[in-house]
Amino acid sequence: MDYGIELRDQEAVVRLRGRLTFNDHAKLRTLIGEMGQNKLRRQVLDLSSLEFVDSAGIGMLLIAREEMDRAGKQFVLRSAAGQVKRVLTVAQIAKIVPIED
Amino acid sequence: MTGSPPPGPLPDAAAHAFGGLLADARVLIVDDNRINRHLLLALLERGGITLIEQAEDGQDALTRMERFKPDLVLLDLMMPQMDGFEMCRRLRADPRWKSLPVLVQSSLNRAEDRARAFAAGATDYVAKPINAEELLARVGIHLRKRAMLRDLERYHSRRETELELARAMQARMLPGPDRLAELEEATGIAVQAHFAPSSELGGDFWGIERLPDGRVTVYLVDFSGHGVGAALNTFRLDAICRQIGSTDMTPAGFLAAVNRRLCGLLPSGQFATMLTGLIDPVAGVFHYASAGSTAPMMWHPGDEAPRLGDGSGLPLGLLPSASYDSRQLPMPPGARLFLYSDAAIEIPTGDGSAGGGGHEVLDEYGLATLFARRLHLSNDDDLLAGLLGDLAATGPIDDDLTALLLTRRR
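Just so you know, the protein sequences line up as chains Z and G, in that order.
The C-terminal position of the first sequence is numbered 313 in my numbering, with every residue numbered one higher than the one before it.
The C-terminal position of the second sequence is numbered 502 in my numbering, with every residue numbered one higher than the one before it.
Because the hints were derived from the structure by calculation, they are not lab data.
Don't take each hint at face value.
As the list claims (entries may be wrong) - What follows is a list of derived Cβ distance ranges for each label pair:
1. Z:G248 <-> G:D330: 28 to 38 Å
2. Z:T301 <-> G:P422: 39 to 49 Å
3. Z:A283 <-> G:S290: 32 to 42 Å
4. Z:G248 <-> G:G306: 51 to 61 Å
5. Z:L219 <-> G:R246: 48 to 58 Å
6. G:P359 <-> Z:L219: 25 to 35 Å
7. Z:K251 <-> G:P359: 39 to 49 Å
8. Z:T242 <-> G:R181: 45 to 55 Å
9. G:S413 <-> Z:T301: 13 to 23 Å
10. G:R159 <-> Z:T242: 48 to 58 Å
Ideal placement from N, C-alpha and C gives every residue a C-beta, glycine not left out.
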């Protein structure tokens, strides 16, 4: 998995690319740190280029949500597609994290 | 030829660095020259090494090694009977001495000689005349390396033993053949199960239980991640399931109760998906609830393909107040129910034909298609084996895979 962060006026948009699995643990930790450091209150994870997520990946997204909560930031998942969208739907993640199309 | 060690005590730092490691180290000196042996002996003793054995040539050394069991060999190359090259080769041919440090000390100083010595299996090479500090430093380095390697090997083998034990414990948690035979006898429900952790220990587990009133509960759990952490959680959840019991609970009520217990226990980022169901043979219904598990598949005799249930629901351990939907699928006599962990629908298909650029995975529909193709097999064992073969042929499976096939025989 790779990512790029774009700081906009109202929100930071983090675009995840590739596969998000257990192997990306360290990278996601770094990413969460970067999201905590920028000044924007709204942190959006753009999942449109994410091809695959496994259960460990979902777990890491939930950790990110918790960390953003703690930092007083809003955390949003956006534009999931394919397998990623299916997994988020089956796990009803929308019940705990706002999901935008 | 004779490299005399510099007189006087060694610097303090060098002596300290060797510490207790050297006091227990066993060193074999192999040299045909008596004066050389004595020089090396004096040098080693000065460095704090006391367990020293001497050999006059390669043959003599090989004989002494059996009894002395050295931690390091100081080896001369030019010797009568058997030279150092030959001895080194023979020693390396014995698996017991494969990692033994062999420090060659020789007056043969050409690059080709060194290369030959290394080719024969030498660990390191010092040239004569011997520099006392250098030799002791190298001896110390190789002994420390050997001690660390041994530590690592010991740790590794202990870990292997413990994992083997844990694996056996986990296997015992699952229903064995005897219990399944008993279940089939009593209820007419035949179970074929496949359980394959992707690493030494898995994050999956399942169970099946006959209730006093003739109904049968079945559940399938998949913890996020795999390996030891996930496996430990399976033990926790197994204990919780036993405590709660499920006799008078609906599957949905049971999931909500398990979830409340698990929420306090799991660290952030960890969760489990679970499907729990209740087969009611009298009503011919499979009642179930799902916490983000996979869609159950139900096949009725005469149908061409299985019907897909609904696996959606919030995974366990995320939100204490989560509630779960009660769902059901008809399950008449002869029906087959297929439950599986998500590893089965996350297999990369790699063909990219669906426009995903090669990132597509075998989803529920792909799995249902494979299942449908095997439904003509009347023997459940053959059916499950065939289906697992299809999955393996689809692509690499890199997560724990559990698959359960339940058939109503009557």
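We went through each hint and held it up to the structure:
no.: 1; hint: Z:G248 <-> G:D330: 28 to 38 Å; verdict: 37 Å, holds
no.: 2; hint: Z:T301 <-> G:P422: 39 to 49 Å; verdict: 25 Å, violated
no.: 3; hint: Z:A283 <-> G:S290: 32 to 42 Å; verdict: 35 Å, holds
no.: 4; hint: Z:G248 <-> G:G306: 51 to 61 Å; verdict: 56 Å, holds
no.: 5; hint: Z:L219 <-> G:R246: 48 to 58 Å; verdict: 52 Å, holds
no.: 6; hint: G:P359 <-> Z:L219: 25 to 35 Å; verdict: 31 Å, holds
no.: 7; hint: Z:K251 <-> G:P359: 39 to 49 Å; verdict: 29 Å, violated
no.: 8; hint: Z:T242 <-> G:R181: 45 to 55 Å; verdict: 50 Å, holds
no.: 9; hint: G:S413 <-> Z:T301: 13 to 23 Å; verdict: 20 Å, holds
no.: 10; hint: G:R159 <-> Z:T242: 48 to 58 Å; verdict: 56 Å, holds
The structure does not agree with the numbered hints 2, 7 stated previously, though it agrees with the rest.
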